[in-house]
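The chain contents come next:
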Amino acid sequence: MASADRPPLGAHVAGPAATRGRRTARGAESPWRRHAIAVATMAAVIAGWQAIIVVFHVPTYIAPSPVQVAQALRTEARTLLVNTWPTLVETIAGFVLGNLVAVAAAVGFVHNRTFRHSVYPLAVTVRTLPIVAISPILVLLLGNGYAPKIAIAALITFFPTLVNMADGLDAVDAQALELMRVLSASRWEVFRYLRWPTSLPYLFSALRIASTAALLGAIVGEWIGSNAGLGYLIVAATYDYRTPLLYATMTVASVLALLLFNLVSIIEHYAVSWRATHVRPD
Amino acid sequence: MIVSEGHSEPAVSIALRGVSMTFDRGGEPLEVLRHVTLEIRRGEFVSLLGPSGCGKSTLLRAVADILSPTEGTIEVLGRSPGGARRDRALGMVFQQPVLLPWLSVEDNVALPLRIGGWGKRHPSGPAPAALLALVGLQGFERVRPAQLSGGMQQRAAIARALVSDPPILLMDEPFGALDAITRDRLNEELLRIWTETRRTILFVTHSIPEAVYLSSRVVVLSPRPAEIRRVVEVGMGYPRHPRMRDTGEFTRVTAALREALEH
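If you read the protein sequences in the order shown, they are chains A and B.
Residues in the first sequence are numbered consecutively from 1, following the numbering used here.
Residues in the second sequence are numbered consecutively from 1001, following the numbering used here.
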C-alpha cells in the first residue's frame, strides 16, 4: 500500500505508483513530487558546498569538498568497512538489550504501582546525567571491549522506550477495559488481547528514535576508549587532520543510521499494519 | 435461529431493589442513583430513558458488575451480578463499538470465545460467522474494523455481545453516535434480532422516539441523582413497523414520556 501511514525514509516509489500519484490533483502531494523535492534539495546543498570550497579556496584539512569525501569513501573503503563492523555489533546489541529491559520495566509498571513509583524516578535521574559523563565511568567499570559501548547504546535507548511503552500500555480505551471486565478476562488476557497490541504503535515510535540513538551511543562510547569502530575512526581522523576521512566516516555513520531507521520502519509497517486502513462512509 | 435454551430461567431477569450509588468525587460525595427499584421480566425489551449524565449508564454498569451499588441489591437471573458476569449471562454493547483494530471483524466477534477458553468449554454456541450473517455483515469477516462504517461497526459489536449466547443484553446508547438514518435502520435490525433470538434487553437511550419504537416498557429517570420517575407501558405489539411511528399510541406514549421528563 503506497498510502502507508509513514513510508520508510527515503523510500523510492515505483513507476506505476508515481503515475497514479501525479493524477491525484486534489489532496496530498504525490509521493513522486515529495521525493523529487527531497533529492533536489540534497543535490543543491552538495553543489553549494562544492562551490563554497572551490570559490573561497578552503584548505582540505579544514573542510574537504564533496568530491574529496567521495574519493575518501572509495580509497578508504576497507578501513571504513573494518571499523563499521564493531560499531554495528555494539549498536544492535545495545539496541536489543536496552529495549528489552525497557519493555520489561514498562510491563512491570502497569502491573505494579510500587514498582512504578520506585523505578520511574530512578530512570528519570539516570536520564538527566549527561551521556558523555557516564561513558568514562562505564569504560572504567566494564573495560575497553564491546561491553561499555553496548551498555551506553542500551542506556541511551532505554529511556525513550520505557516512557513510550509505559504510556502505550496505559493508552487503552476505558470502554475496552469495561468490555474485558464484562468478559471476566484475567490480567494476562487483558494484557495479551488489549494492552500489548495497543502499545505497539507507541513502541515503534520509540524504536525508531532508539535505532539512531543506539548508533550515537556506540560512537560516543568508542570516543572514550577504543581502537576500533566508527567513533574511534572519527577521533583518529580528527587528530591526524585527515579531514576527508572524517567526513567519509560521518557519511557512513549517517547511512548506517538511515538503514537502521528504515529497517525499524519496515518492520513497523508489517507489525502495525492495521493502522493503515481506511474508513468506509455510512 | 439462535435461542438461549437449556437454562431453566427465572421469570424475572433483572431485579433491582433500593439501589443507590454515591461516587467519591475528589473528597465530595456525588449521589448518582437513589433508591432504584425495578424488575425486568424475561424476554422484555426495557429502555432506560433520561437526560444526559443522569446516571442511566451507571445503572447499566451496576447490572453488568462493572460498578457496585453503595446500597441495595441487584439480582441477575437469581444470582449476584458478579456470578452472572462470570457465567456470561450478560452481553454488553457500548456507546462506541470498541472493536479491536488489529483483529479482523470475525476475530473481534470471536474474542469472547477466546477469553477464559469459553469457546472450548461451550462448543455448541453460535458461530461468529453465523452471527455476522444475523447482523447483516456476511462477506466482511476478514475485513478490519476500520474499513467498516460506524453503523457496520456497531452491528459487529452486537454480534460480539451475542457470541457467548447470553440471555440478557445490556445496551448503553449503542446508536447514539450514529446519524438518524443509520440509527433508524439499526433499530429495525435490533428488533429483528431480538425477535429471532428472544433475549431480555435493557437499553439505555436519551431519545424518546427510539425508546418508544423499541421497547415494551420505558423507565423514565430523573436528572442526577437518578430516581425512577415513571414506568410507561408501550401498548404496541411486535413486530413493530416504521409506520407505527405515525399511530396514535406512539404519539400518546411519546407525549407521556416527554411530560415525565419535563415535570
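Hints in this document: simulated from the structure, not taken from any laboratory.
Incorrect hints may appear among the rest.
What the hints assert, rightly or not - Which bits of chain A does chain B cover? Going by a derived footprint, with three or more residues having C-beta under 8 Å, they are:
(1) 34-43
(2) 162-176
(3) 187-195
To be verified - Pulled from the structure, derived: some chain A residues nowhere near chain B, Cβ distances all over 10 Å:
(4) HIS57
(5) VAL58
(6) TYR61
(7) ALA70
(8) VAL82
(9) ILE92
(10) ALA123
(11) GLY143
(12) LEU200
(13) VAL235
(14) SER265
(15) VAL272
(16) TRP274
From the three backbone atoms N, C-alpha and C, an ideal C-beta is built for every residue, glycine too.
The hints, checked one at a time:
Counting residues of the segment 34-43 of chain A whose CB falls under 8 Å from any CB of chain B gives 0; the rule of at least 3 is not met. A count of 3 residues in the segment 162-176 of chain A with a Cβ less than 8 Å from any Cβ of chain B is obtained; the coverage claim is therefore met, three being the minimum. Three residues within the 8 Å Cβ limit are the bar, and the segment 187-195 of chain A against chain B gives 3, so the coverage statement holds. Chain B leaves A:HIS57 outside its interface by the beta-carbon criterion, the shortest separation being 60 Å against a cut-off of 10 Å.
At roughly 54 Å, the least C-beta separation between A:VAL58 and chain B is larger than 10 Å, which holds for a residue marked as non-interface. The claim that A:TYR61 is not at the interface with chain B holds, since no C-beta of that chain comes within 10 Å of its own (minimum 55 Å). Distance check for A:ALA70 against chain B: the nearest CB is about 45 Å away, which clears 10 Å, and the non-interface claim stands. The beta carbon of A:VAL82 sits about 43 Å from the closest Cβ of chain B, which is more than 10 Å, so the claim that it is off the interface holds.
With a least CB separation of 27 Å from chain B, A:ILE92 remains clear of the 10 Å interface cut-off, as annotated. The claim that A:ALA123 lies off the interface holds: its Cβ sits roughly 29 Å from the closest Cβ of chain B, which is beyond the 10 Å cut-off. Its beta-carbon lying about 44 Å from the closest one in chain B, A:GLY143 satisfies the requirement of being farther than 10 Å from that chain. At roughly 8 Å, the least C-beta separation between A:LEU200 and chain B is not larger than 10 Å, which violates its mark as non-interface.
For A:VAL235, the shortest C-beta to C-beta distance to chain B comes to about 46 Å, beyond the 10 Å cut-off, and the non-interface label holds. Every Cβ of chain B is farther than 10 Å from the Cβ of A:SER265; the closest lies at roughly 18 Å, confirming the non-interface assignment. The beta carbon of A:VAL272 sits about 8 Å from the closest Cβ of chain B, which is not more than 10 Å, so the claim that it is off the interface is violated. Distance check for A:TRP274 against chain B: the nearest CB is about 4 Å away, which does not clear 10 Å, and the non-interface claim fails.
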